[in-house]
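Peer 1: Here's the letter readout for the chains.
2 protein chains.
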Amino acid sequence: MEAVEQSMTDDAALRVVPKPMRKLVEEGLRNAIVTGRFSPGQHLPDRMLCELFGASRSVVREAVRLLEAEGLITTIPNRGPFVSFLSAAEAVQVYEVRGVLEALAGEGFAIRASDAERAELRQIYEQLARMPPDADREALLGIKQNFYEVLLRGCRNPLVARMLESIINRNTRLRATSLSDPGRLAHTVAEIRRVVEAIEARDPEGAWEACRFHVRRAAAVALRILREREEAAALARE
Amino acid sequence: MEAVEQSMTDDAALRVVPKPMRKLVEEGLRNAIVTGRFSPGQHLPDRMLCELFGASRSVVREAVRLLEAEGLITTIPNRGPFVSFLSAAEAVQVYEVRGVLEALAGEGFAIRASDAERAELRQIYEQLARMPPDADREALLGIKQNFYEVLLRGCRNPLVARMLESIINRNTRLRATSLSDPGRLAHTVAEIRRVVEAIEARDPEGAWEACRFHVRRAAAVALRILREREEAAALARE
DNA sequence: GCGGCCAGCCTGTCAGACAATATTCCCGGC
DNA sequence: GCCGGGAATATTGTCTGACAGGCTGGCCGC
Chain A
4 MEAVEQSMTD DAALRVVPKP MRKLVEEGLR NAIVTGRFSP GQHLPDRMLC ELFGASRSVV
64 REAVRLLEAE GLITTIPNRG PFVSFLSAAE AVQVYEVRGV LEALAGEGFA IRASDAERAE
124 LRQIYEQLAR MPPDADREAL LGIKQNFYEV LLRGCRNPLV ARMLESIINR NTRLRATSLS
184 DPGRLAHTVA EIRRVVEAIE ARDPEGAWEA CRFHVRRAAA VALRILRERE EAAALARE
Chain B
4 MEAVEQSMTD DAALRVVPKP MRKLVEEGLR NAIVTGRFSP GQHLPDRMLC ELFGASRSVV
64 REAVRLLEAE GLITTIPNRG PFVSFLSAAE AVQVYEVRGV LEALAGEGFA IRASDAERAE
124 LRQIYEQLAR MPPDADREAL LGIKQNFYEV LLRGCRNPLV ARMLESIINR NTRLRATSLS
184 DPGRLAHTVA EIRRVVEAIE ARDPEGAWEA CRFHVRRAAA VALRILRERE EAAALARE
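In the order they appear, the protein sequences are chains A and B. Numbering of the first sequence is given in our numbering, commencing with residue 4 and proceeding in unit increments. Numbering of the second sequence is given in our numbering, commencing with residue 4 and proceeding in unit increments.
Among the hints, a few may not be true.
What the hints assert, rightly or not - Quick list of the computed label-pair ranges, beta carbon to beta carbon: (1) B:Met51 x A:Asp139: 48 to 56 Å; (2) A:Pro23 x B:His46: 12 to 20 Å; (3) B:Arg197 x A:Ser59: 53 to 61 Å; (4) B:Ser90 x A:Leu238: 53 to 61 Å; (5) B:Ala193 x A:Ala92: 30 to 38 Å; (6) A:Ala204 x B:Glu200: 52 to 60 Å; (7) B:Glu200 x A:Glu200: 32 to 40 Å; (8) B:Glu234 x A:Ala204: 53 to 61 Å.
Just so you know, the hints here were simulated from the structure itself, not pulled from any lab data. Please read these numbers as outputs of a predicted model, since none were measured by experiment. For glycine and all other residues, C-beta sits at the position ideal for the given N, C-alpha and C.
Produce the entire structure from the sequences given, and follow the hints as far as they go.
Peer 2: In structure tokens:
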């Protein structure tokens with residue numbers, strides 16, 4: 004019988020082994036897209052990716068396929084992979100899903116996180132609250148990424164963590180611009196405070212609501228910006 | 004400038020082209036796992052998959068990678084891909100996520116589905132309600148798959164549809180056994196009726212609640228079965 | 001100036017190769 | 001007879017090279 008015991012995943016997790024090439028390419032490419040080094044609509048011919056990462060086509064193609072499944076890349080048959088656009092319609096969907104998953108994560112954190120994790124979250128919140136209103140967008144984004152990292156770790160639900168992470172990757176660029184929208188920071192801080200307070204009070208329902216509220220607000224700002232942009236682009240085309 | 008216009012996705016969708024090999028392999032493999040033709044823990048050496056699907060290693064490996072990302076396959080470094088187990092702990096996570104995504108889909112359906120789609124859903128419900136209490140588990144599963152297909156189409160949120168589909172794939176086998184749990188069918192029918200009625204009343208909140216309730220109930224039954232199984236397995240090992 | 005044609009590029013797929021690692025199983029020692 | 005070690009085998013992870021077919025862009029003729 005060639006079955007394997009439950010310990011599969013444990014073994015895999017414990018094993019310390021140099022990351023396989025394909026993972027490096029995957030991460031590098033994801034990073035390049037999420038941080039905007041490759042811009043939406045850009046063509047990514049595999050020859051280029053091969054020499055960029057020093058990997059072979061097979062490895063590059065596996066990585067591209069994965070990012071395609073995550074929605075970061077759109078492949079046109081016989082034309083190859085392109086960095087995905089995020090249309091306003093798609094952004095609506097992204098925010099809907101992000102809303103419920105983030106709420107679930109917040110709820111789980113309120114129930115299951117350790118005291119140390121609660122403290123970490125509070126600390127990151129304090130850091131955010133201290134930022135000046137005209138702070139650098141990348142700095143803000145970095146702090147919020149930390150916030151999510153702790154949240155996803157503490158919610159004790161790796162599945163939610165993975166799905167939410169992928170969703171967030173998809174709209175990181177948009178978040179960066181909406182985070183630095185004038186006047187948005189103060190609201191963000193207030194919304195995050197509600198989340199942190201509910202979590203400290205070990206109030207799952209409160210955390211759920213606070214998270215959903217935060218995402219809804221963020222969505223409103225982001226969609227306004229995105230629609231303005233799309234209108235401007237439509238006008239420019241005429 | 005080698006950027007591409009928004010129409011990217013439309014073009015890709017409209018184009019009618021023979022499905023690429025890699026998609027065929029992906030679907031075939033996913034199907035084999037979901038329907039249980041490959042059982043959890045089974046090793047899937049790529050040579051075997053190559054000759055099973057008549058494809059080359061590169062194509063097979065891309066497909067395996069994708070199913071790994073979906074959670075259907077677990078890869079152990081230097082050992083290769085295995086059909087994933089679904090532990091009770093993971094099942095809890097799956098049901099948590101499925102609950103909120105399904106609720107979101109139900110809500111969206113109540114808001115945005117067409118009259119024809121509402122009628123379709125009602126029809127599938129009637130079909131389910133007519134099933135005898137000792138109905139075949141595969142038949143029940145088939146009807147519920149149809150239900151989800153309509154639900155996911157009508158909720159007008161392809162992102163939710165895709166994520167929920169992948170989540171549901173992951174626990175199809177478990178659902179099959181819990182669907183045919185004695186006495187469960189009557190509850191299932193009643194729960195689905197609440198969903199359908201809320202949708203017909205164009206009551207998004209009601210649909211949300213009905214969906215969440217349904218998943219919670221399904222989760223309770225499935226987890227009971229799964230834990231019994233795990234205990235039995237633990238005893239058998241001694 | 002315009003439309004069609006041709007060359008070149010890129011994708012999608014295959015086959016084969018090779019090092020590194022896991023597993024199997026046989027054989028010798030106790 | 002049993003156990004441990006090590007060779008033989010299998011499999012993964014990756015690379016290279018190849019080739020058909022579709023797409024693009026530029027050139028040529030009109």
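Peer 1: Would you mind marking each hint as holding or not holding in the structure?
Peer 2: Evaluation of the provided hints:
| no. | hint | result |
| --- | --- | --- |
| 1 | B:Met51 x A:Asp139: 48 to 56 Å | holds (53 Å) |
| 2 | A:Pro23 x B:His46: 12 to 20 Å | holds (19 Å) |
| 3 | B:Arg197 x A:Ser59: 53 to 61 Å | holds (54 Å) |
| 4 | B:Ser90 x A:Leu238: 53 to 61 Å | holds (54 Å) |
| 5 | B:Ala193 x A:Ala92: 30 to 38 Å | holds (36 Å) |
| 6 | A:Ala204 x B:Glu200: 52 to 60 Å | violated (36 Å) |
| 7 | B:Glu200 x A:Glu200: 32 to 40 Å | holds (38 Å) |
| 8 | B:Glu234 x A:Ala204: 53 to 61 Å | violated (36 Å) |
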